[in-house]
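J.: Can you make the complete structure from the sequences, with help from the hints?
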Amino acid sequence: MAESGNSKKALVIVESPAKARTISKFLGKDYLVEASIGHVRDLPKGAKEIPQEYKEQEWAYLGVNVNDNFDPVYIVPTDKKQQVTKLKKLLKESDELYLATDEDREGEAISWHLREILKPKVPVHRLVFHEITETAITEALENPRAIDDGMVRAQETRRILDRLYGYEVSPLLWRKIKPKLSAGRVQSVAVRLIVQRERDRMAFHSATYWDLVATFEAGGQSFEATLVEADGKRVPSGRDFDTTTGKANKEGLLLLDEEGAKSLLERIRSADFSVATLDNKPYTTKPAAPFTTSTLQQEANRKLSFTARRTMQVAQSLYENGYITYMRTDSTNLAQVAIDASRKLVESEYGKDYLPEKPRVYASKVKNAQEAHEAIRPAGNEFQKLDALKGELSAEQFKLFEMIWKRTVASQMADARGHRISINIGGGEAVFYVSGKTIDFPGFLRAYVEGSDDPQAELADRESLLPAVEVGQSVDAKEFDPKSHTTQPPARFSEASLTRSLEEMGIGRPSTYASIIDTILRREYVFKKGNALVPTWTSFAVVGLMEAHLEKLVDYDFTAKMEDDLDSISRGEADANAYLKAFYFGEENHGLKQVIEERIKDVDARTVNSIPLGTPEEGEHRDEVFVRVGRYGPYVEQGERRGSIPDELPPDEIDLAKAMEILEQSEKGDEPMGEHPDTGKPIFLKAGRFGPYVQMGSTDDDEKPKNASLLKGMNAGDVNLETAIRLLSLPREVGLHPDDQKPVVAYNGRFGPYVKWNDETRSLPAEISPIDIELDKALELLAQPKTRGGRGAPKEPLKTLDKSPVTEEIIKVMDGRYGPYVTDGESNASLPKGTSPEELTMPVALQLLAERAAKGGTKKKKKKAAKKTTTKKATKKKTAKKKTTKKKAATKTAAKKSTTKKAATKKTAEKKEESTSDEAPF
1 MAESGNSKKA
11 LVIVESPAKA
21 RTISKFLGKD
31 YLVEASIGHV
41 RDLPKGAKEI
51 PQEYKEQEWA
61 YLGVNVNDNF
71 DPVYIVPTDK
81 KQQVTKLKKL
91 LKESDELYLA
101 TDEDREGEAI
111 SWHLREILKP
121 KVPVHRLVFH
131 EITETAITEA
141 LENPRAIDDG
151 MVRAQETRRI
161 LDRLYGYEVS
171 PLLWRKIKPK
181 LSAGRVQSVA
191 VRLIVQRERD
201 RMAFHSATYW
211 DLVATFEAGG
221 QSFEATLVEA
231 DGKRVPSGRD
241 FDTTTGKANK
251 EGLLLLDEEG
261 AKSLLERIRS
271 ADFSVATLDN
281 KPYTTKPAAP
291 FTTSTLQQEA
301 NRKLSFTARR
311 TMQVAQSLYE
321 NGYITYMRTD
331 STNLAQVAID
341 ASRKLVESEY
351 GKDYLPEKPR
361 VYASKVKNAQ
371 EAHEAIRPAG
381 NEFQKLDALK
391 GELSAEQFKL
401 FEMIWKRTVA
411 SQMADARGHR
421 ISINIGGGEA
431 VFYVSGKTID
441 FPGFLRAYVE
451 GSDDPQAELA
461 DRESLLPAVE
471 VGQSVDAKEF
481 DPKSHTTQPP
491 ARFSEASLTR
501 SLEEMGIGRP
511 STYASIIDTI
521 LRREYVFKKG
531 NALVPTWTSF
541 AVVGLMEAHL
551 EKLVDYDFTA
561 KMEDDLDSIS
571 RGEADANAYL
581 KAFYFGEENH
591 GLKQVIEERI
601 KDVDARTVNS
611 IPLGTPEEGE
621 HRDEVFVRVG
631 RYGPYVEQGE
641 RRGSIPDELP
651 PDEIDLAKAM
661 EILEQSEKGD
671 EPMGEHPDTG
681 KPIFLKAGRF
691 GPYVQMGSTD
701 DDEKPKNASL
711 LKGMNAGDVN
721 LETAIRLLSL
731 PREVGLHPDD
741 QKPVVAYNGR
751 FGPYVKWNDE
761 TRSLPAEISP
771 IDIELDKALE
781 LLAQPKTRGG
791 RGAPKEPLKT
801 LDKSPVTEEI
811 IKVMDGRYGP
821 YVTDGESNAS
831 LPKGTSPEEL
841 TMPVALQLLA
851 ERAAKGGTKK
861 KKKKAAKKTT
871 TKKATKKKTA
881 KKKTTKKKAA
891 TKTAAKKSTT
901 KKAATKKTAE
911 KKEESTSDEA
921 PF
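Numbered according to the UniProt record's numbering, the sequence shown spans residues 1 to 922.
Fair warning: there could be bad hints in the mix.
What the hints assert, rightly or not - Straight line, CA to CA, 30 Å or less: simulated DSS-like cross-link-like pairs of lysine-lysine:
no., residue 1, residue 2
1, 48, 593
2, 681, 756
3, 262, 281
4, 88, 25
5, 406, 25
6, 681, 45
7, 681, 712
What the hints assert, rightly or not - Distance windows between CB atoms, simulated:
no., residue 1, residue 2, range
8, 175, 135, 53 to 61 Å
9, 93, 116, 19 to 27 Å
10, 335, 119, 34 to 42 Å
11, 8, 572, 30 to 38 Å
Read the hints as simulated data drawn from the structure, not as lab findings.
Built from N, CA and C at the ideal position, the CB exists for glycine as well.
T.: Below, the structure written as structure tokens:
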């Protein structure tokens, strides 16, 4: 530690500017705290990044020398060179180096890479802490350690493994299915899980069965009970039916239809009923363990509708600003100080009755050194009250913090206790069943209920009270109601349930699930329907190919074992080179490389891109029907007939009947509705992948056909020849504006209908159609002031914050072409996806701007450069113009490169997750 008064200082390096600012609060003037802004070195991402000395090597496309101990080629990405230079300069001014990156494998690897790049000649210390508080930082400074080589080697092995998998398998998918697909060690298995669930839904056959619901009365209290037995036979429930046939999977069941249910009702209507059996048992429910990464993602998805990515971004900001402990962890353990703080709060907030005699200790699932050793909890030795933090946190931050706070406190509370009551009521050879539950003592439920935002309301809902009865006691039958039930297909995966399944199977790491889900959505392997993850037909083709030809790579057990193998490497129990050699070359040349080389020749593209739906038994067309995955989207094919599948249609909704309907609709599209009265060209109603549309002219004509989308809310059945002609008239001139006699035009735009006059545009209200609007109404709309968020909205701030400490200008949130962004007058930074401008806080805004500024290219610098170029002497105007043109081209190229890297460099949280994601060579 640097001594006070020394001219040199100790340099502390963390990953993010936000974390640097927080740590700076606890360190004195003798410490310089700077951010690496995520990883500073990585494998090259394409041929252009391969160092010249390796370009001729046969393995160069991998960035890994597979012929020499799998030696990786590391480069400093272009967008990190400026920051690395800055760190080197700061190190020269320092006499000690502290590497304070996160305590997981990725953090350990960042510290190792920093040491390798900076080549420090001063003492180097590794700081590890799981919360950013003064106590934790002080303790870390007093107990530094060396970089853990086992963790670094495990991270490097995982990175190389994912590179080999992605860069070898992805080209096979490009050749046999379509370009721009990617494969990955965890990604491909996750897609397989989702596809298999959709296959189960497609194979599902529903079953319908009937029972009776009776209303009884005892002691003046009414209650309902359900028929479970009649004439000595058990009435089935949904689980008694085979999901693939819809038939009962057990014999001796009483299968009632509507008529049978009504007949039984008449038979027992006048019977005497009494309590046949009564079971009253006590129960206790224990609180859930504190949050791990996985359970936090699942609960935030259920309770707050956060995506896994959003959960990790918000949790990262809470951690970096000192509110919670480290958010990438498999552990459910709590430090003793956290247990003490929780118990203190339980006693003060809920009373001694809610405090168990002994602290609760939760068994940790951690079996390696890669994750934090404590659960996610509020930071510090004393937990702050929730009300005190409302003003400090954004709405999203507070919601997530509140959940973490309550779950942590509830984990140290007493059990909930109550009684479960089960009653069978018999009469007339029929038995009805009802169960109830009472809560004698709510215990931890007072503070936290999984999946519920309101513990008090949930407590009331969880109680189902029944009258006090005894065995043999008569009850009055008031009413019988026949009920129909239809079995439901297995539910699709949500982000929460997919995360839970992957964790239960031991596949991947919880800290990478957000990145995996983000990748399969971005690659369009899945799309969202509500909260459900729906696979596309492309994912069916990819999974089908890999199951048939690369089965081992998508085998669940094999993939789970990979994680165990990496854990063994991290503990020094296995050799990384031997493991990679076995995976890539295999024994007797049956490794990944050999298998891929063989499969490229063997895989039949038409077969893997065909999903059979069946053969019609009736009708004119009897050929087998397939879904084909084409380069421009999926379509249905039967012989020579084809029909596009709308993008939003889930695979389980396309059975043989639906496929025939699509084919018939497509054939109708080949028959014209009529001719256009002005051009004489035929007009067709077509079905495309983006929905129905009208077309004037044929593709066989010399002139390109004119297409027009249907208006929002229109269905194909609503379109006749007159409507089609009016749709094709768009954009249409409504009339001339009285101010300048320039045309006012109505459009059906990508984001909805609107009118335009010169540069003025106004969106049309939902009740006004662009094919009907008249000039008076258009002029009325154009005369109205522009509204925020509407077409042509003025460039006014969506929100203003305080002055920037860097530029001393007001920080503003603006509405940009590609979404909201924050600016300090010099730098512009896009808001993370899902972040509301209203909820953006000053600390988050400063973090985004700092990260953007670190990449260079501020607004003022660009303006100065442009000004300098345009003030050349008149005698050199041509040269200046030529240089300006070149400069613009260079700027465009740089901007294009910057855009392609934007997703990977947006936030430190995203950087770390993406560094663990699978990839393809683009």
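J.: Where does the structure disagree with the numbered hints, that is, which hint numbers, in rising order?
T.: The structure breaks hints 3, 6; every other hint is satisfied.
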